[in-house]
Amino acid sequence: MESESLYNLLQLPKVTGPPTEEELPQGEKKKYLPPTSRQDPKFEELQKVLMEWINAKLLPEHIVVRSLEEDIFDGLILHHLFQILTGLKLEVEEMALTAPSQRRKLEVVLEAINHSLQVEERQLKWSVGSLGSPSALTCAPPAIFNKDLLATLHLLVALANHFQPDLPLPTNVQVEVITMESTKNGLKSEKSVEQLTQCSTDKDQPAREYYCTLRGSVPLGCVLTQM
Numbered sequence: 001m002e003s004e005s006l007y008n009l010l011q012l013p014k015v016t017g018p019p020t021e022e023e024l025p026q027g028e029k030k031k032y033l034p035p036t037s038r039q040d041p042k043f044e045e046l047q048k049v050l051m052e053w054i055n056a057k058l059l060p061e062h063i064v065v066r067s068l069e070e071d072i073f074d075g076l077i078l079h080h081l082f083q084i085l086t087g088l089k090l091e092v093e094e095m096a097l098t099a100p101s102q103r104r105k106l107e108v109v110l111e112a113i114n115h116s117l118q119v120e121e122r123q124l125k126w127s128v129g130s131l132g133s134p135s136a137l138t139c140a141p142p143a144i145f146n147k148d149l150l151a152t153l154h155l156l157v158a159l160a161n162h163f164q165p166d167l168p169l170p171t172n173v174q175v176e177v178i179t180m181e182s183t184k185n186g187l188k189s190e191k192s193v194e195q196l197t198q199c200s201t202d203k204d205q206p207a208r209e210y211y212c213t214l215r216g217s218v219p220l221g222c223v224l225t226q227m
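Read in order, the letters of the sequence shown correspond to residues 1 to 227 in full-length UniProt numbering.
Hints may be right or wrong, so weigh each one.
DSSO-like cross-link-like pairs, simulated, lysine-lysine; straight-line CA separation at most 30 angstroms [unchecked claim]: (1) Lys147 x Lys89; (2) Lys42 x Lys31; (3) Lys30 x Lys188; (4) Lys31 x Lys89.
None of these hints come from the bench; they were simulated from the model.
It should be emphasised that the depicted structure is a prediction, and the values quoted were computed from it without experimental measurement.
Construct all of the structure, not just a fragment, from the sequences and the given hints.
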């Protein structure tokens with residue numbers, strides 16, 4: 001399948017509005033990508049490159065990813081991608097059909113990925129997530145299971161840089177993010193800039209990047225065998 005046709009399968013995320021006070025329980029925070037950020041050319045290019053890379057890797061297994069936001073959350077794609085990239089077989093159920101089993105599978109897969117990337121927990125920019133609303137722990141990283149696009153992109157960029165550093169990811173991809181916080185006085189918003197890929201001046205200095213330098217320990221619950 002040609003690269004262009006692979007990209008034509010990409011379904012860019014639907015633009016959604018910021019969370020309302022009813023949707024965000026008091027004390028919780030949630031990041032929101034405004035339309036201007038989602039439509040940023042470099043942000044779209046990053047998704048295109050990652051989509052082509054994933055589909056090219058999964059082509060022998062006849063798996064096609066059509067949406068980074070909708071297809072990654074349950075662990076199935078990450079499971080197959082991990083095995084292809086590492087040559088290791090991850091002992092986890094192949095098909096998880098219920099939400100609890102999907103979350104359990106994602107947890108095992110992410111533990112294995114984090115170990116392979118040698119990422120310390122405090123440095124993670126992604127997490128598993130909860131079965132309901134996003135975690136009430138305001139300090140928790142954005143959740144893959146809750147279909148957080150930023151968390152998914154951070155994870156995929158880390159995988160690409162670690163396992164295929166020559167992949168031509170667009171450099172210095174930054175997006176404006178609005179963090180909504182529910183307080184006793186109502187919703188409070190704060191703007192910030194999220195860095196998704198390294199600056200071009202840092203391309204030859206991978207040691208600066210957290211996914212290249214951190215050391216981790218073998219996670220519990222992961223059983224890896226040579227394929």
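Quick check: which numbered hints come out false for this structure? 4
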